[in-house]
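Engineer: Build the full structure now, drawing on both the sequences and the hints.
So the chains spell out like this:
2 protein chains.
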Amino acid sequence: MKKSFCFEPIGYVMKGLPKDKSSGIVSRFQFVSEIFVYDKFKVGLKGLENFSHIYIIWVIDRQREVKLVGHPHGDPSAPLVGIFATRSPNRPNAIGLTVVELIDVENNIVRVRGLDAWTDSPVLDIKPYDYYDHVNDMRVPSWFLEHWNRKNRELNYKKLVPWLGPLK
Amino acid sequence: MKKSFCFEPIGYVMKGLPKDKSSGIVSRFQFVSEIFVYDKFKVGLKGLENFSHIYIIWVIDRQREVKLVGHPHGDPSAPLVGIFATRSPNRPNAIGLTVVELIDVENNIVRVRGLDAWTDSPVLDIKPYDYYDHVNDMRVPSWFLEHWNRKNRELNYKKLVPWLGPLK
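As you go down the protein sequences, you meet chains A and B in turn.
If you're matching positions, the first sequence starts at 0 in numbering that gives the first Met the number 0 and goes up one per residue.
If you're matching positions, the second sequence starts at 0 in numbering that gives the first Met the number 0 and goes up one per residue.
To be clear, the hints were calculated from the coordinates, so they are not data collected in a lab.
Heads up, some of the hints might be wrong.
[Stated by the list, open to error] Calculated cross-link-like contacts (lysine-lysine; reagent style DSSO-like; alpha-carbon spacing at most 30 Å):
{"id": "1", "chain 1": "A", "residue 1": "K45", "chain 2": "B", "residue 2": "K66"}
{"id": "2", "chain 1": "B", "residue 1": "K150", "chain 2": "A", "residue 2": "K14"}
{"id": "3", "chain 1": "B", "residue 1": "K45", "chain 2": "B", "residue 2": "K20"}
{"id": "4", "chain 1": "A", "residue 1": "K66", "chain 2": "B", "residue 2": "K45"}
{"id": "5", "chain 1": "B", "residue 1": "K2", "chain 2": "A", "residue 2": "K18"}
{"id": "6", "chain 1": "B", "residue 1": "K14", "chain 2": "B", "residue 2": "K41"}
{"id": "7", "chain 1": "B", "residue 1": "K66", "chain 2": "A", "residue 2": "K39"}
{"id": "8", "chain 1": "A", "residue 1": "K157", "chain 2": "A", "residue 2": "K18"}
{"id": "9", "chain 1": "B", "residue 1": "K14", "chain 2": "A", "residue 2": "K2"}
[To be verified] Chain A residues, not near chain B, derived (Cβ > 12 Å throughout):
{"id": "10", "residue": "C5"}
{"id": "11", "residue": "I24"}
{"id": "12", "residue": "P75"}
{"id": "13", "residue": "E105"}
{"id": "14", "residue": "R110"}
Note that CB positions come from ideal geometry on N, CA and C, so glycine has one too.
Structural biologist: Printed below as a string of structure tokens:
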């Protein structure tokens, strides 16, 4: 088996999530990011605007460490879980995957809400979110549910991002 | 910006989708695939079994061409759309992304239903599918709906894969 696979970015995050809290942004869902797609790939965006949601596959290029086991969200009260059971950035391969709401596509620029990438993060792929990505009944561990409920209480997802998750 | 990003597989598809139709498999949802995770990453699987669905990020290493614009599913009656508006394998970066049902995790082996990768495909990452991946109201183009309805008539997704998509 080949040891390594290399990919060239198709674009980058031109306007990404602010790093400091002084921006007043406490959730990625409050923020519209802009992705710049390089000229040679621009034609590949044709028809993307007919999807309401898309996947951004990006490189977590400011990854600081790889941690195969850890507490999710750095919360010591959560159980120790493996990296493949969390969305932590400290992965063996620093590949970010985020479902975002598509705002619009204008020339080279794709505007999305909900991206958790910083400015200048390289983008490897954009894929449409379709019915094959929609799981009706899913099971998640209790540590995730606790995190979800806490964030939901803080941010009121139902109002902030009505399309999100099973919000009852 | 760095020109290229390289990733080493964390494992590979030990048992993948049969290539020929003589297997009787007409849908990836009829098939249980096995992913082998290399020893050094095995500990990263801890707790994965508490999720019912996961993402497999894999390399489409038998990609034959890159096609920036094409008819989805090779169907000439569908409109011409850009590669980023389809899940076609002929992408600038041959990265496969599939939501699958997790059957079980046993030592190095992750068993999943619904993976569209062939045997020996390299696996770059495994991520849990959680509420942030669940879009309640999504919009898809009519070409996708026509494809979906046709496949649903052929395969009866409601019976074959009850957790899938908005099936009314």
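Engineer: Taking the hints in turn, state whether each one holds.
Structural biologist: How the hints compare with the structure:
no.: 1; hint: A:K45 with B:K66; verdict: holds (13 Å)
no.: 2; hint: B:K150 with A:K14; verdict: violated (39 Å)
no.: 3; hint: B:K45 with B:K20; verdict: violated (36 Å)
no.: 4; hint: A:K66 with B:K45; verdict: holds (13 Å)
no.: 5; hint: B:K2 with A:K18; verdict: holds (24 Å)
no.: 6; hint: B:K14 with B:K41; verdict: holds (18 Å)
no.: 7; hint: B:K66 with A:K39; verdict: holds (12 Å)
no.: 8; hint: A:K157 with A:K18; verdict: holds (25 Å)
no.: 9; hint: B:K14 with A:K2; verdict: holds (19 Å)
no.: 10; hint: C5; verdict: violated (4 Å)
no.: 11; hint: I24; verdict: holds (17 Å)
no.: 12; hint: P75; verdict: holds (16 Å)
no.: 13; hint: E105; verdict: holds (14 Å)
no.: 14; hint: R110; verdict: holds (14 Å)
Hints 2, 3, 10, counting from the list given before, are not met by this structure.
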